[in-house]
Amino acid sequence: MTGPRLFVDAWDPSYGASFEAAPGGPAAPSSAQVDADVELPAVDWRAIGPRPGLRAPDVVLLVDGVRRIDASVWTAEDDGASYPGVAASYAAGVVRCDLERGAAELAGAKVGRGLFTASPSAEEVICGRVRYPVHRVGGAGELSKLPTAVQAPLTALEVEVSDAARTDGDLLVVDGPLRARRQLPRTLGYIKTQHSQYLDARLTAVVTGLRPGERSPVFRLGTAWGGWSWYLRLPVAAGAPWAGIVRLECSAELPPQEAIALADLSLVTLPRFASSPYKDPRAPQNLVPIAGLERRLRALLGDARLLHRALTVATRGRGARR
Amino acid sequence: MTDDLLDGPGEAVGRVLGTADATPLTFWTAVSPGSYLQLDDVVVTRRELPDREPVTIAGVVTQVRARHEGAQFDSDVFAIADGTLPAQVQEAAEVTTTRVDPELYVPPTPGAAVFRAEGDARARALHFDRMERRIPMGMGRDGVPVYLNADFLDGTRGAHVSISGISGVATKTSFATFLLYSVFRSGVLGGDAVNAKALIFNVKGEDLLFLDHPNARLDDPTRAAYAKLGLDAGAFPDVRVYAPPRVGDSSGTPDVSSRLTGVDSFYWTLSEFCADRLLPYVFADADDERQQYTMVVHSVAAHLARYAQPADGGVSIDGVRLGSYADLVDHVVEQLNDDETRGDWAGGAVGLGTVNAFARRLIGSKKDLGRLIRGDLATRRPHSINTAESAQVTVVDLHNLPDRAQRFVVGVTLKSEFERKEKAGTAKPLLFVVLDELNKYAPREGSSPIKEVLLDIAERGRSLGVILVGAQQTASEVERRIVTNSAIRVVGRLDPAEASRPEYGFLPPAQRQRALLAKPGTMFVNQPDIPVPLCLEFPFPAWATRVSEAGRPPSQTLRSITQSADPFAVVGSGSSDDDIPF
Chain A
1 MTGPRLFVDA
11 WDPSYGASFE
21 AAPGGPAAPS
31 SAQVDADVEL
41 PAVDWRAIGP
51 RPGLRAPDVV
61 LLVDGVRRID
71 ASVWTAEDDG
81 ASYPGVAASY
91 AAGVVRCDLE
101 RGAAELAGAK
111 VGRGLFTASP
121 SAEEVICGRV
131 RYPVHRVGGA
141 GELSKLPTAV
151 QAPLTALEVE
161 VSDAARTDGD
171 LLVVDGPLRA
181 RRQLPRTLGY
191 IKTQHSQYLD
201 ARLTAVVTGL
211 RPGERSPVFR
221 LGTAWGGWSW
231 YLRLPVAAGA
241 PWAGIVRLEC
251 SAELPPQEAI
261 ALADLSLVTL
271 PRFASSPYKD
281 PRAPQNLVPI
291 AGLERRLRAL
301 LGDARLLHRA
311 LTVATRGRGA
321 RR
Chain B
1 MTDDLLDGPG
11 EAVGRVLGTA
21 DATPLTFWTA
31 VSPGSYLQLD
41 DVVVTRRELP
51 DREPVTIAGV
61 VTQVRARHEG
71 AQFDSDVFAI
81 ADGTLPAQVQ
91 EAAEVTTTRV
101 DPELYVPPTP
111 GAAVFRAEGD
121 ARARALHFDR
131 MERRIPMGMG
141 RDGVPVYLNA
151 DFLDGTRGAH
161 VSISGISGVA
171 TKTSFATFLL
181 YSVFRSGVLG
191 GDAVNAKALI
201 FNVKGEDLLF
211 LDHPNARLDD
221 PTRAAYAKLG
231 LDAGAFPDVR
241 VYAPPRVGDS
251 SGTPDVSSRL
261 TGVDSFYWTL
271 SEFCADRLLP
281 YVFADADDER
291 QQYTMVVHSV
301 AAHLARYAQP
311 ADGGVSIDGV
321 RLGSYADLVD
331 HVVEQLNDDE
341 TRGDWAGGAV
351 GLGTVNAFAR
361 RLIGSKKDLG
371 RLIRGDLATR
381 RPHSINTAES
391 AQVTVVDLHN
401 LPDRAQRFVV
411 GVTLKSEFER
421 KEKAGTAKPL
431 LFVVLDELNK
441 YAPREGSSPI
451 KEVLLDIAER
461 GRSLGVILVG
471 AQQTASEVER
481 RIVTNSAIRV
491 VGRLDPAEAS
501 RPEYGFLPPA
511 QRQRALLAKP
521 GTMFVNQPDI
531 PVPLCLEFPF
541 PAWATRVSEA
551 GRPPSQTLRS
561 ITQSADPFAV
571 VGSGSSDDDI
581 PF
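Same order as they appear, the protein sequences are chains A and B.
If you read the first sequence in full-length UniProt numbering, its first letter stands for residue 1, the second for the next number, and so on.
If you read the second sequence in full-length UniProt numbering, its first letter stands for residue 1, the second for the next number, and so on.
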């Protein structure tokens, strides 16, 4: 065959690509320090298959959160200034997949709402039985930065619900990087989208050469939120070099052997959760339990149109009083 | 919202759904985890109203469904069962309203707690509290008795029962007899129950000939079921069985094979046949205006009534002694063929073809009716069916008779009973007439004397105390006026094609489907009081339904009808025991 081979990305275009990459690899080669010699010497890097005899844990917990901007607001300050704000709903939940019993259930879910703004005078908004407490944002509070401000309380909510659901011997899979959740035991961070290229070209070739159900050796990232990390290819029809590749990470505080053990465990656990392309626009990376959880959580957020209307009515009343 | 879960009429089972329309007449209920609702369960909910007392909405579950919430694709069920996809099983039940109290037709509020109705709440939901006289009909699916409003059976506000269902599995006759048993034994008729009579036509097998024999297979659970309904499990105490005479038997012994004692034969003498103008009942379509020969039928009947003289069992016409039905037929045909006498018998302007059509049919009836219309048996021997003088339950066995003879017996018997009630002029005592295969006697198309009698009963029987309990495989083939006059409609298992006919419009769609797989003993009963048909199971008969089940026969059946008439009785001695008989 001549010329470049062409592949259609399995993800729905509106979600971007599973691999946000410049030609040749993930965008902007990371400046992070990478220690590739943890499991295998960098010169010996090769794909690693499942360890024989290792079984998936009976209970797998998967945590995820969703957020939604219900309305954008503007404040009117006494000095004539105006700050933007967003009224956001967010929810975090944990799915408890009891693989032995064959039952996946919502082990806990919490909904939070907030008015995110830098305005010093903003007050909480109450519309009916719904409350939007104020989360004051530091800095100038530009509208474009506000959505990311929702992430912090959402992460806190995720930690809260996942703590409540833990049992001995389970495995917790967190959607996204671990970041502040590194102290949770037996926890994996699950990164669907590859933004940065941490490995050099030769090691990247090992990653893109993984077959479904194989992983790369564990390596160590030297970034601020760094830790042990490895790549894994989920079951996927033959496709683009980065199709079905996810990155997993675990706490940097673990000894290397435990990190490797977790990597082996992830390889026997995660592939069965991979979703199918016709059911999920982000298949296979968006895991089936996560997709189900997100649907449930979105339902818990409440009807967006209803909340928008309630917010409009609540704020209009307030404006009239002034 | 949550505290009303604690004080309800029964256990809280769910809440009114908000994702489907809730209307005053039907609404959906989400079933709480750990609870269940099955079809026919009775539930109740309450709607608070401003400035008014709350409205209680009660209903019957007419559909239940369960589904995975959170699943988008059919194949998601595997992921869910595999434990990878979180989903929730949610059951929901469709409730058809039976009662709104007070009558303020507002929908229930989505989210309102729904309770399983028990005890008084259940009785109120099913309108049992408004029934002054309740006839137990069987058990609901919840194992609690369901009742029939006696007002709609005995003619007070309605009468007649129409029972439909496939032969064999629908247990139509068993239900009809159970209903009779319940009417007679539950005490709802009060003093009238003693004099109330039943006339049952047995059209298939000898099933109904053992009503007075206890069922040898009766077990304790069945007895308990009867006790729960407030009934004693036992046979009908007072039954008289009539059967037609054997073919070719000059002594007129009843033609039965399994029941050997306590069966009397019934027949009509030639003089009765002539005097009572029974000739039209020989013909299936004697009242059909499209038929020419019917003129001849009525003319010959009139001639017979006028000129036939009783003569020692038989009759003598024009000086000819006729000793059997065949003789009579031959004589009539001969007279009609004679140019001189034809005018006297058939009237003046009747063509020869018409006379021949009549003669052909009359000759055809010789074989069928010969054993029923007799001239060779003693006139004074009791032979007629008269419920007023018979036992409480009179069973007339027709199953050995050919079609034409069955029609003749049913038509003539019903006519004489109805005329007797007409003369009496009062509704009491009641007479229940149980007739299977109504579609044969009162078909939707055409007209016949028998159909006229049945129509008369359906339309006027209510005021005269004649209650028709009709059964048929297909209500769609029965005269519409008879079906519409039935206050109580009962359906057992139905044929799928039949179930979709408009005659069963009283069944909600879900019940229509269920009627296709109703098992024996399960009936859907619609009564005017309750807007939803009730599904019930009636207990196994406590009386024998076939010879193998029959226990010891009651002592009075060992006597025959001739023996039961005291041969030493002196004429007139029945007036008073105190009188000196001489």
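Hints in this document: simulated from the structure, not taken from any laboratory.
For every residue, glycine included, the Cβ atom is placed at its ideal position computed from N, Cα and C.
Heads up, some of the hints might be wrong.
Below 25 Å or equal to it, Euclidean Cα-Cα: the simulated SDA-like pairs (lysine to any residue) are [said to hold, decoys possible]: (1) A:K110 with B:K366; (2) A:K192 with B:A302; (3) A:K192 with A:G138; (4) B:K366 with B:T261; (5) A:K110 with B:G143; (6) B:K204 with B:G234; (7) A:K279 with B:K366; (8) A:K110 with B:A302.
Partner residues are not named here, just some residues of chain B that face chain A (Cβ under 10 Å, in silico) [claimed, not checked]: (9) A81; (10) D82; (11) G83; (12) Q90; (13) E91; (14) A92; (15) G190; (16) A193.
Non-contacting residues of chain A with respect to chain B, defined by C-beta distances greater than 12 Å in every case (computed) [stated by the list, open to error]: (17) E77; (18) A81; (19) R101; (20) A107; (21) P177; (22) L254; (23) D264; (24) S275.
Against the structure, the hints:
For the given pair, A:K110 sits about 90 Å from B:K366 by alpha-carbon distance, which is inconsistent with the 25 Å threshold. With a C-alpha separation of about 102 Å, the suggested pair A:K192 and B:A302 falls outside the 25 Å cut-off, and the hint is violated. About 29 Å separates the Cα atoms of A:K192 and A:G138, which puts this hinted pair outside 25 Å; it is violated. A distance of roughly 29 Å separates the Cα atoms of B:K366 and B:T261; the hinted pair therefore is violated under the 25 Å criterion.
Straight-line distance between C-alpha atoms of A:K110 and B:G143 comes to about 43 Å, which puts the hinted pair past the 25 Å bound. A distance of roughly 23 Å separates the Cα atoms of B:K204 and B:G234; the hinted pair therefore holds under the 25 Å criterion. With a C-alpha separation of about 79 Å, the suggested pair A:K279 and B:K366 falls outside the 25 Å cut-off, and the hint is violated. Simply put, A:K110 and B:A302 have alpha-carbon atoms about 94 Å apart, too far for the 25 Å limit, and the pair is violated.
Given hint, B:A81 at the interface with chain A, holds; its Cβ is 6 Å from that chain's nearest Cβ, closer than 10 Å. At a threshold of 10 Å, the smallest CB-CB gap from B:D82 to chain A is about 6 Å, leaving the interface hint in force. The criterion of a C-beta within 10 Å of any C-beta in chain A is met by B:G83, whose closest approach is roughly 4 Å, and the hint holds. For B:Q90, the suggested interface contact is broken, since its CB lies about 12 Å from the closest CB of chain A, more than 10 Å.
Interface hint status for B:E91: violated, as the beta-carbon distance to the closest one in chain A is roughly 17 Å, over 10 Å. Because the beta carbon of B:A92 sits about 17 Å from the nearest beta carbon in chain A, more than 10 Å, this interface hint is broken. Restraint check, B:G190 versus chain A: the minimum CB separation of about 60 Å is more than 10 Å; hint violated. With a cut of 10 Å, the hint placing B:A193 at the interface with chain A is violated, because the nearest CB-to-CB distance is about 59 Å.
Separation of A:E77 from chain B is adequate, the least Cβ-Cβ distance of about 41 Å exceeding the 12 Å criterion. At roughly 44 Å, the least C-beta separation between A:A81 and chain B is larger than 12 Å, which holds for a residue marked as non-interface. The beta carbon of A:R101 sits about 7 Å from the closest Cβ of chain B, which is not more than 12 Å, so the claim that it is off the interface is violated. The Cβ of A:A107 sits about 9 Å from the closest Cβ of chain B, inside the 12 Å cut-off, so the non-interface label is violated.
Non-interface call for A:P177 relative to chain B: holds, since the shortest CB-CB distance, roughly 23 Å, exceeds 12 Å. At roughly 26 Å, the least C-beta separation between A:L254 and chain B is larger than 12 Å, which holds for a residue marked as non-interface. With a least CB separation of 20 Å from chain B, A:D264 remains clear of the 12 Å interface cut-off, as annotated. At roughly 9 Å, the least C-beta separation between A:S275 and chain B is not larger than 12 Å, which violates its mark as non-interface.
The structure does not agree with the numbered hints 1, 2, 3, 4, 5, 7, 8, 12, 13, 14, 15, 16, 19, 20, 24 stated previously, though it agrees with the rest.
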